[in-house]
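There are 4 protein chains.
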Amino acid sequence: MTSWKVNQLEKQPVLRNPIFIEGLPGIGNVGKVAVDFIIEKLEAKELYEFFSYTMPHSVFVNEENLVELPSIKVYYVKLAKNDLLLLTGDVQPTDEVSSYDFSEKILDIVETFKCKEIVTLGGIGLGEIPKKPKVYATANNSNIVKRYKKLGSFNENLYGVVGPIVGVTGLLLGLADKRKIGAISFLAETYGHPMYLGVKGAREILKILEKRFELGINMNEIDKEIDQLESDLLKRTKDISDVSKQTAIKKLKGKLGGEGIDYIG
Amino acid sequence: MTSWKVNQLEKQPVLRNPIFIEGLPGIGNVGKVAVDFIIEKLEAKELYEFFSYTMPHSVFVNEENLVELPSIKVYYVKLAKNDLLLLTGDVQPTDEVSSYDFSEKILDIVETFKCKEIVTLGGIGLGEIPKKPKVYATANNSNIVKRYKKLGSFNENLYGVVGPIVGVTGLLLGLADKRKIGAISFLAETYGHPMYLGVKGAREILKILEKRFELGINMNEIDKEIDQLESDLLKRTKDISDVSKQTAIKKLKGKLGGEGIDYIG
Amino acid sequence: MTSWKVNQLEKQPVLRNPIFIEGLPGIGNVGKVAVDFIIEKLEAKELYEFFSYTMPHSVFVNEENLVELPSIKVYYVKLAKNDLLLLTGDVQPTDEVSSYDFSEKILDIVETFKCKEIVTLGGIGLGEIPKKPKVYATANNSNIVKRYKKLGSFNENLYGVVGPIVGVTGLLLGLADKRKIGAISFLAETYGHPMYLGVKGAREILKILEKRFELGINMNEIDKEIDQLESDLLKRTKDISDVSKQTAIKKLKGKLGGEGIDYIG
Amino acid sequence: MTSWKVNQLEKQPVLRNPIFIEGLPGIGNVGKVAVDFIIEKLEAKELYEFFSYTMPHSVFVNEENLVELPSIKVYYVKLAKNDLLLLTGDVQPTDEVSSYDFSEKILDIVETFKCKEIVTLGGIGLGEIPKKPKVYATANNSNIVKRYKKLGSFNENLYGVVGPIVGVTGLLLGLADKRKIGAISFLAETYGHPMYLGVKGAREILKILEKRFELGINMNEIDKEIDQLESDLLKRTKDISDVSKQTAIKKLKGKLGGEGIDYIG
Numbered sequence: 001m002t003s004w005k006v007n008q009l010e011k012q013p014v015l016r017n018p019i020f021i022e023g024l025p026g027i028g029n030v031g032k033v034a035v036d037f038i039i040e041k042l043e044a045k046e047l048y049e050f051f052s053y054t055m056p057h058s059v060f061v062n063e064e065n066l067v068e069l070p071s072i073k074v075y076y077v078k079l080a081k082n083d084l085l086l087l088t089g090d091v092q093p094t095d096e097v098s099s100y101d102f103s104e105k106i107l108d109i110v111e112t113f114k115c116k117e118i119v120t121l122g123g124i125g126l127g128e129i130p131k132k133p134k135v136y137a138t139a140n141n142s143n144i145v146k147r148y149k150k151l152g153s154f155n156e157n158l159y160g161v162v163g164p165i166v167g168v169t170g171l172l173l174g175l176a177d178k179r180k181i182g183a184i185s186f187l188a189e190t191y192g193h194p195m196y197l198g199v200k201g202a203r204e205i206l207k208i209l210e211k212r213f214e215l216g217i218n219m220n221e222i223d224k225e226i227d228q229l230e231s232d233l234l235k236r237t238k239d240i241s242d243v244s245k246q247t248a249i250k251k252l253k254g255k256l257g258g259e260g261i262d263y264i265g
Numbered sequence: 001m002t003s004w005k006v007n008q009l010e011k012q013p014v015l016r017n018p019i020f021i022e023g024l025p026g027i028g029n030v031g032k033v034a035v036d037f038i039i040e041k042l043e044a045k046e047l048y049e050f051f052s053y054t055m056p057h058s059v060f061v062n063e064e065n066l067v068e069l070p071s072i073k074v075y076y077v078k079l080a081k082n083d084l085l086l087l088t089g090d091v092q093p094t095d096e097v098s099s100y101d102f103s104e105k106i107l108d109i110v111e112t113f114k115c116k117e118i119v120t121l122g123g124i125g126l127g128e129i130p131k132k133p134k135v136y137a138t139a140n141n142s143n144i145v146k147r148y149k150k151l152g153s154f155n156e157n158l159y160g161v162v163g164p165i166v167g168v169t170g171l172l173l174g175l176a177d178k179r180k181i182g183a184i185s186f187l188a189e190t191y192g193h194p195m196y197l198g199v200k201g202a203r204e205i206l207k208i209l210e211k212r213f214e215l216g217i218n219m220n221e222i223d224k225e226i227d228q229l230e231s232d233l234l235k236r237t238k239d240i241s242d243v244s245k246q247t248a249i250k251k252l253k254g255k256l257g258g259e260g261i262d263y264i265g
Numbered sequence: 001m002t003s004w005k006v007n008q009l010e011k012q013p014v015l016r017n018p019i020f021i022e023g024l025p026g027i028g029n030v031g032k033v034a035v036d037f038i039i040e041k042l043e044a045k046e047l048y049e050f051f052s053y054t055m056p057h058s059v060f061v062n063e064e065n066l067v068e069l070p071s072i073k074v075y076y077v078k079l080a081k082n083d084l085l086l087l088t089g090d091v092q093p094t095d096e097v098s099s100y101d102f103s104e105k106i107l108d109i110v111e112t113f114k115c116k117e118i119v120t121l122g123g124i125g126l127g128e129i130p131k132k133p134k135v136y137a138t139a140n141n142s143n144i145v146k147r148y149k150k151l152g153s154f155n156e157n158l159y160g161v162v163g164p165i166v167g168v169t170g171l172l173l174g175l176a177d178k179r180k181i182g183a184i185s186f187l188a189e190t191y192g193h194p195m196y197l198g199v200k201g202a203r204e205i206l207k208i209l210e211k212r213f214e215l216g217i218n219m220n221e222i223d224k225e226i227d228q229l230e231s232d233l234l235k236r237t238k239d240i241s242d243v244s245k246q247t248a249i250k251k252l253k254g255k256l257g258g259e260g261i262d263y264i265g
Numbered sequence: 001m002t003s004w005k006v007n008q009l010e011k012q013p014v015l016r017n018p019i020f021i022e023g024l025p026g027i028g029n030v031g032k033v034a035v036d037f038i039i040e041k042l043e044a045k046e047l048y049e050f051f052s053y054t055m056p057h058s059v060f061v062n063e064e065n066l067v068e069l070p071s072i073k074v075y076y077v078k079l080a081k082n083d084l085l086l087l088t089g090d091v092q093p094t095d096e097v098s099s100y101d102f103s104e105k106i107l108d109i110v111e112t113f114k115c116k117e118i119v120t121l122g123g124i125g126l127g128e129i130p131k132k133p134k135v136y137a138t139a140n141n142s143n144i145v146k147r148y149k150k151l152g153s154f155n156e157n158l159y160g161v162v163g164p165i166v167g168v169t170g171l172l173l174g175l176a177d178k179r180k181i182g183a184i185s186f187l188a189e190t191y192g193h194p195m196y197l198g199v200k201g202a203r204e205i206l207k208i209l210e211k212r213f214e215l216g217i218n219m220n221e222i223d224k225e226i227d228q229l230e231s232d233l234l235k236r237t238k239d240i241s242d243v244s245k246q247t248a249i250k251k252l253k254g255k256l257g258g259e260g261i262d263y264i265g
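Residue numbers (the working numbering), protein chains in the order written: chain A, 1 to 265; chain B, 1 to 265; chain C, 1 to 265; chain D, 1 to 265.
Keep in mind the hints are simulated off the structure, nothing from the lab. Treat the hints with care, as some may be off.
Claimed, not checked - Here are the simulated DSS-like pairs of lysine-lysine, each with C-alpha atoms no more than 25 Å apart in a straight line:
id, chain 1, residue 1, chain 2, residue 2
1, A, Lys131, A, Lys81
2, A, Lys73, B, Lys180
3, A, Lys73, A, Lys41
4, C, Lys45, D, Lys178
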């Protein structure tokens, strides 16, 4: 009775010690920015495409000035230590039933590939731009947190700091537990403004993932790219009532996979 | 499982090189105004009527002071170059599932008639009344844009100018692509005020459609009609808090197919 | 697939030339007040009870300090000229599908009894309290309006005065037309404040119904009752931020069948 | 067709003269606080767990910094006079259909155990913190109110004081009546602020339940605990714009089973 259709885009790959990493849109698009970077830098390949009539009834205009239906996809990449399955998209399920249904579909894939671990990524919205965003972690069992502890760069005391973790980022942890699959979530501080893109927070999360999975991403290179974007964004967010500047931000965000939310019809 | 019923109102016509043009209500009702003009001037005939319990649970009072259920209809007209199928209505589907379902129903009709092309029309809401509204175009493949390029009067760089295109105007392009049907959307600038009717924007779109499909509409005649309406509307929008003026606008909008949104029960 | 259950509360009566009159809650509860008066004064009998899980998930506290589920009922009364079926309730269906479904159920009853006519009642919300509320009429065919014209006390030029007529009051007219059943709606001006009860508007509608159906209601008597209530309400609406006064209004409204909307849990 | 799954967590107990007490989240979480106290002090045992995809699509972070899916559970405890079934949870059903469905499931359990009585608990939100919160009672028949009258510490004139009683707290009374099961609701005054926890109101309700069911709870002990919490809360609610204080409140509320509502993703 699920509303979600899964379309497999290429032959089922054989994956070694696979890890599933989620980065759907959310506060500051922190998770999406991080996962999109990994997909781009490691040239991950498309594997599954998801579609549901419960997705937004709208299309996006892409850089080629052509329209695209909202898209949610799983990519994969083979690495020396752990192969990765990577979930990203333009949108995430919004209503309750659709969000639970989608998360169960993802867990079916996780079980198909016998993934060792699920990692979900997200943001914690603050009232101002954090200079040095902290990363918090929570999980569905304490063992999985221990595996990351030696990497040392996150705070594991999330209780009382935030309320519910809303959406797929949270549900995957809760529902994975019912299937006895370990899952951890990294949430980076970011500015809670709808126009703000949490690139700095995404960078902090990428550092942890680099250490854990030896992605082979040149963090210095990414740092430079992010610094440039961050600096451009800061200039532009000073006056967000200026339409031409907003357009510039939208273009910047477009490059990073973020999208403005305007309405035409 | 669709909630939409299609009622065929007359014998299936034979159409030559048919084009499907959509003009449902939206920002400034730009698309609706343009398509309603074509239907009226070319005396297009009713072909299909759509109905769903997901439509607004309300009725409109018409010029004869009689009530009418909300209506969505497809008309057709035979022309020298391309026969046209024309979609207009009082409302458009509002929720996600209903909007996707409706768009698929429309594409079934498009396939039944082997339409060569889909054209959807809409508005881009600005913060003020545009003196000379620009028209933008986007499509589901670049070939269809090229066909229109020689007509020269639109801007094809929509990326970064707008966010998602919401509703049937956008979905038809995205879903048509899955069926390998070319589809283009023309969006005219208009004033984003709920009481404003985008007649000037509709005129700019009509000029392009006239050139492309040789509708045989006397643009000078339409220009005069629109100038008169525009001038009446401008006078009246100066003070929209005045109830009697609002009534006048509603009557004007009623003639053009627009409707005020009040609630009684 | 409808969500509505109909419970018949007594043996099917034989009705002569029956008319169906709707008075569900709406703006100023004008329709409900009018129909509840008829039910009370003519001692109409309960015939059908409606129930759906799409109704508000809440209970009301009645004058005996006991709870009651929200209720929608059809009553009937036998009169010299036309027998009447009378629809009233605590609530009306709120979402689109539920509202269409309910209206079709009502029309099934209308057809079962071969009702000659449907009359729906409602309010038009104004920005201030009308001294002498005007009554407007609209219908699903012009013949039915003519039958009422000689009664002379309403305005039949509703076009441009109001936008859509929302809810069962409007839908019954539109959907009855599909079944070739004549239906008319009387809408009385009232004050559009959520705490205001449109008793004066209801009185104007009752006058028309009295003339048409010879209800045998002593209008002078009702006038006195209404004048008293109206005067009490006016005193109290002067300061609606005063909680004790609001309580008084709620009690008054409770007597008339209206209800305040507070939330407890 | 219900969306609710019931998971039985241990062997069906034999219960003597059982009473069903509901305390789901609501205004001031009054009912939840009261029932959670009983569960904790009497060491009630988990019996049923409820789950539905219509629950919030989010997870909570618990004191061990691990995530938990939203939970609704029925506990039981054996006592000298009446055994108790106790309903509590992190959330309650929000939409209409889901709320009716859930309440029917609960009544199935009530019938399975042949419960003598249903007691639901809730709050009445005031504009300021009540010094000595009053408790009101309403029921689905007058006999059940009489049984409590000699306990003397509540007001039974709820009519006109509140509008509808929204959610499971109200529905259980209305729907139980259809099954000829007596049900009563106790509603304690509390401060209607979303950050406020109605511990004082809960205490007043607990006093009534203690007298009626001889719970054997040491009210003095609870009084001390509550006084301390109340005093902590009062200090902290003086400046709720201070994030660190809000965190403190969240931690306090977490201990009592309440939860802040923040959004992360």
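For each hint, the structure was consulted:
1. For a cut-off of 25 Å, the pair hint linking Lys131/A to Lys81/A is broken: about 33 Å separates their Cα positions.
2. Restraint check: the Cα-Cα separation between Lys73/A and Lys180/B comes to about 21 Å, which is no more than 25 Å; the hinted pair holds.
3. Distance restraint check for Lys73/A and Lys41/A: the Cα-Cα separation of roughly 17 Å lies within the 25 Å cut-off, and the hinted pair is therefore satisfied.
4. Taking the CA atoms of Lys45/C and Lys178/D, the gap is near 21 Å; set against the 25 Å cutoff, the hint holds.
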